[in-house]
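**Student:** Following the hints, complete the assembly by docking chain B onto the known chain A.
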Amino acid sequence: MSEFSLKHPGINLGANDPEAHEAAEEVVFGFWVFLMSDLILFSLLFATFVTMIDATAGGPGGKELFDPRSVAAETGVLLASSFTFGMASIAMKYRSNRGVLLLWLAVTLLLGLTFLGLELHDFISMIGKGAGPDRSGFLSAFFALVGMHGLHVTAGSIWIVVMMVQTLVFGLSADVKIRILRLGLFWHFLDIIWVGIFSVVYLRALA
Amino acid sequence: MSWSHIVFGNLSVDALPLYSAIAATAASVVVLGAVGTFALITVLGKWRYLWSEWFTSVDHKRIGIMYIVIALVMLTRAVIEGVMMRMQQAVALDSPGYLPPDHFAQLFSTHGTIMIFFMAMPFLTGVINYVMPLQIGARDVSFPLLNSISLWLTAAGAVIMMASLCLGKFSTGGWTGYPPYTGIAFNPGVGPDYWIWAVTLGTVGSTLTGINFAVTIYKERAPGMRLMYMPLFCWTALCTSILMIFAMPPLTVATGLLALDRYLGMHFFTNDLGGNMMNYANLLWLFGHPEVYILVLPAFGVYSTVFSTFSSKTLYGYTSLVGATICIAVLSFTVWVHHFFTMGQSADLNAAFGTATMMIGIPTGVKIYDWILTMYRGRIRFTVPLLYALAFLLLFVVGGLSGILLANPAVDYQVHNTLFLVAHFHNMLIPGVLFGMLAAYHFWFPKAFGFRLNETWGRIAFAFWASGFLFAFMPLYALGALGMPRRTQEFFNPAYLPYTIVAAIGGLLILAALASLFIQLGVSISRREETRAFAGDPWNGRTLEWSTSSPPPEYNFAILPRVEGKDAFHRMKEHGEAYLRPDAYEPIEVPRNSAMGPVIGVSGAAVAFGLVWHIWWMACLGLLVIWGAVIARSFVRNTTRVIPASEVEATERRWLDAVSRTQRVTRDDELQPANRGLAVASAT
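Residue numbers (our numbering), protein chains in the order written: chain A, 36 to 242; chain B, 826 to 1509.
Rather than coming from a laboratory, the hints here were simulated on the basis of the structure. Hints are not guaranteed to be accurate.
To be clear about the criterion: a stretch of chain B counts as covered by chain A if any three or more of its residues have a C-beta under 8 Å from a C-beta of chain A, and this derived list gives those stretches [claimed, not checked]: (1) 1032-1043; (2) 1061-1073; (3) 1098-1111.
Using N, Cα and C, we set each Cβ at its ideal position, and we do this for glycine too.
So that you can see chain B by itself, here it is in the shape it has in the complex:
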């Protein structure tokens, strides 16, 4: 073995993406983007600020924002990849188009992997992180340092995804990575290894997040807040966390055993010597099906909040919504076989799983009616979050119905592996999850940053997202029914062409939507003085997060609120108990910042990168650093600091003084500059 092999493993100049101009361009954009960001931070002299205020922060609010930043960066990459695929199919009739098959296969693999693990998961984890502790009246999550470690593990996975664009090729095995195709016999390259380790890093982070959130909700609720007093968003966060605790380990096992096959020549999923790929299918979907509810339940929670707030009404059918959420969480573990109806099990088994699948439509239907009835006779304002929620309400029903069709094994046999399926799950995930996360971003942005987002650009972005979704994915239902297989790089049936062209136009509209989202952010920041809402309550909110300043202080609540019912802040406002000055303040203990998160994240990325390229010293060193850091940290005694009562008092006084100077606005002026975050207490 040569020295260069010991130092660099399998990594060599050949790993550079010079095989295609498009791949080389993409890699250059990533590298230039990274270098540019580094240079910008250096020129601005912001490294110290970023390190001490953000990277090492264990404050759930900062961690939540960092999660969402990761999600937006990864969303950008994965949207571009999706649009590239739509463009390819628009020109692929009797023509190889502009993307070679191998590159096309990498694109659908990275697109799916990123959208699930590095866009949707960080987005919802970020939103829950920011909002849930505030809504239950807590000062932080139960394990703030663990929270930071989860964030950095997710970031490490995202970095590995980005590295795969620049060095070597990613997997061509789709986001599910089915062996034996992804086994060493058919795929000796680094692609599946990139997939395995990026996903594993993200999964471990999510498992720890699930534990953290569940314990927080069980143990950290404010005095008096019973479970049935919690905002519905917290209920969905709880159910999602429990699903993470139970559903992430199957994926860890699946990727771990696949890695053992690839690295140590074992035979879990190989074609020979007793391997059985059906075990992989079962393990993966034992994770994969609950995963879709991990994704969509928090969005349901966001929609519940949005419908209720922008109708100025309490949530209709709260108890039934809680019951439906729990129902969905339980049923999600009983349907996984519907992802492989065609893979050889008996008709009876398929029938059982098909029936279970259709049953999920029942609690979901309950929710739809509850949301509609929440709006009934409400004081409805068509703000951007409500627009997303309304689009969701209509489109999600369409997607749900196509799901009921697919739940029938006989129908599934006809359309499996076609674009019908692609249309179905995008119909669930875009209006379901993405619109929910965008609504959340819009809704809670003023809480996090102290000013509202620009409404006009928000509406433009919404119009592009909604129309782009319709144009891009409705044709895929037709294409699927016509029999066009998914993941097709080139086709020969002219009947497909009109639909693929429409879908490509839809892709461009979605690109415009993404651009509008960033323009909106820029416009909002530059005009932030017009929309400041420091007083904290721009939407006449009903739950406790709106009872703090915007942004909230590090400790969230100077005095932990006492909760006596649902819609706690709404009650406080009605009873004139909001914005009261307490007689005395007490010192508050908060956790100190810690470098553990960054250390474990960087080491985790090093382990993954070392394993991908067989740079064994790097992998071993990374593992040693992780374990050494954990042990060393357990000897650190001084992990908290105390904010003195005088500082708390000064912070609170500054806010309460601002509140008393602020003009209350009615809902008529909600979107006007007059709205400085203080609402007229009545429902109008």
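Extracted from the complex, chain A is given alone in its bound form:
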């Protein structure tokens, strides 16, 4: 099989690192399958949320609770982090100098942590207003869906730290590169989920 027949979706290492490219094929495919399974998990949380939008049990709904500025900031930060991760992937593919890669990973991490900080602030202020997850079915579904995404971003942030350390310790070896490829898929995946959350959860309530 020629190396060109072994392409997988997403950024390919290709001719820049043929050996890593060949090794990437199977694991990256496996990771796509995992993401597919993860997507089912999210889609069911979306479905649960949609069926419970009106289950506010006399408590506050989305319109009263969501802060458009905070949502806008979260969305901006997370979308920007997807872009910076794209820059990290390109730096990994085309530059032998790992400094640029580390820089972009650090920026991505910073944006991810900012997102988490904003989200946590939202959650705390909602709970402070008596709108915690135990207030109504609607709020249970909201916290489960958005919280699940937040947990994923947390896991992704830890993963970024691990990969920065591995880049420093091992250099840009094939297995480090392939892990960063998968981390990239994971990070962009969370961005897409957020677009869904933004549209279904926030935009619907605020528009």
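**Tutor:** This is chain B only, laid out in the frame that chain A set:
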């Protein structure tokens, strides 16, 4: 909060099962069994061997065998529970019998949970694990370490099930755990928590297994093996894996949200503050219906192999069988509402789901005819696997027809929640899944251990299983039609009694079947010299797993086979290409053993146990260890080792020399001691 509460959570002496003599006895048996096993291993000095050769192994063959060991242990417990329920109902006319209602409810909950998640799932996962990589000509699965982690997560779930027998009470909410009954308001005890976390551990393991198997089948097939050259068993393994990938997450969501309700006071499925239990019913059956096809498709694959091998014919209608398998896999996602026709949705919706349900009968019917025609004019041998397959063929049609009846919402309204339903799904799962797994166990045992199982005891076990099934479950159709509700601990209608007594006799026959199965294993081991089949091909097999020694070497194939069509090994034998000595051997890279599986399994069990008893430090510590282990493992660089070419050559030479010394046998001598695993090449 007291110190003892911080250390032990809600766990106290009251958790011991002293509320009933039967429960205390069961718990003692578990504890004594565990202690006895530990003592035996210690006395024999086998801990190091078990740790380095089995527990930390990432070889798909070892992992497959360990899965099946778990399945057999759990089968034993769940069969005994089933028999206890049948005995109770045999004496329950106008009498409380010997099992109090609360204990009876625990029994049907654990029986169902174990049979589905810790018997059937590990059994089929074990069989696929052992057989599929060999059949596609691969050296292992795509992610061997992940495979070990899946195994240990399943084992952790099984341990939690066993712990529930000794400490506290299990859920009384059935294997489906419907809220609001299993919610905190009605069930403040630990029972539903045991159910939630045991099932969640098993589910996560199965999701990872599904990903692993699917990637293996897509990416690891031997050179030349197109998808349409794969043995049918691999096709069913692929479809089952895809179903696992898509159908396990709904269960994770269902149990996860139920846990949030119970632990954090949320309102997904509660009666108040906007909760909606119908969401649970939908989530659970969005998993639950595909699950029955996850269970039965691999069995279909086993039957296909068995019919073809013991008729010495290629599988009739291979393409249609592949198509039917895919059809069933897709349709399985379109019928889940038939599990709750009576729960309030519109008649139109019920009609749509009822129609979709009946449609599943079409591809299944195609399969039945294909199997019959596979046998037509074949060289049929009535070996034990074929006996199971024939019993399946007859009984599964009966179960399928009762399913078509139930698919009609109007009929379902009449018999829902009665023993008719219990009869139906046992009719699908015992002849369908269990007989299939027993046939697989019989069929591939000589491959895994190098000697055949005792045929006589196999036949005795088969006779008990088949007759026990008929006696135990056919009366339940009648009882259901008479209106007897399922899960009844005591009843007052004398018309039920004759049937419940017959069913209890059936239960005893099934107990005898289980005992025969273990006697057979013992007899087979003690007489193993008579049935050795090291050469590797005792059944004149048609697929690649039979082209290796029995047991196969760690690396499976010294030289990856080149595949040019279906029934690859049969072709090789016909063209005189089997058992060839290659000009040169190459070194083979295999993954190193790893303690990750045991570490994650033990930590997973600790997390679950800590959550059940609110021992928060234990749950947090377990989670930390899991994440720490995963991160630490990613820094391990040296994960493979190389088997030198000289060692491969020595291993292969030992086998090929044995092959050249072995006498070929015809199918007439298949069950004789003369059968040392080398077949006369022709179809006779």
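**Student:** Are the hints correct? Go through all of them and say.
**Tutor:** Hint check results:
1. 1032-1043: holds (count 7)
2. 1061-1073: With 3 residues close enough to chain A, the hint holds.
3. 1098-1111: Result for this restraint: holds, n = 7.
Violation of the numbered hints given earlier is absent; every hint is satisfied by the structure.
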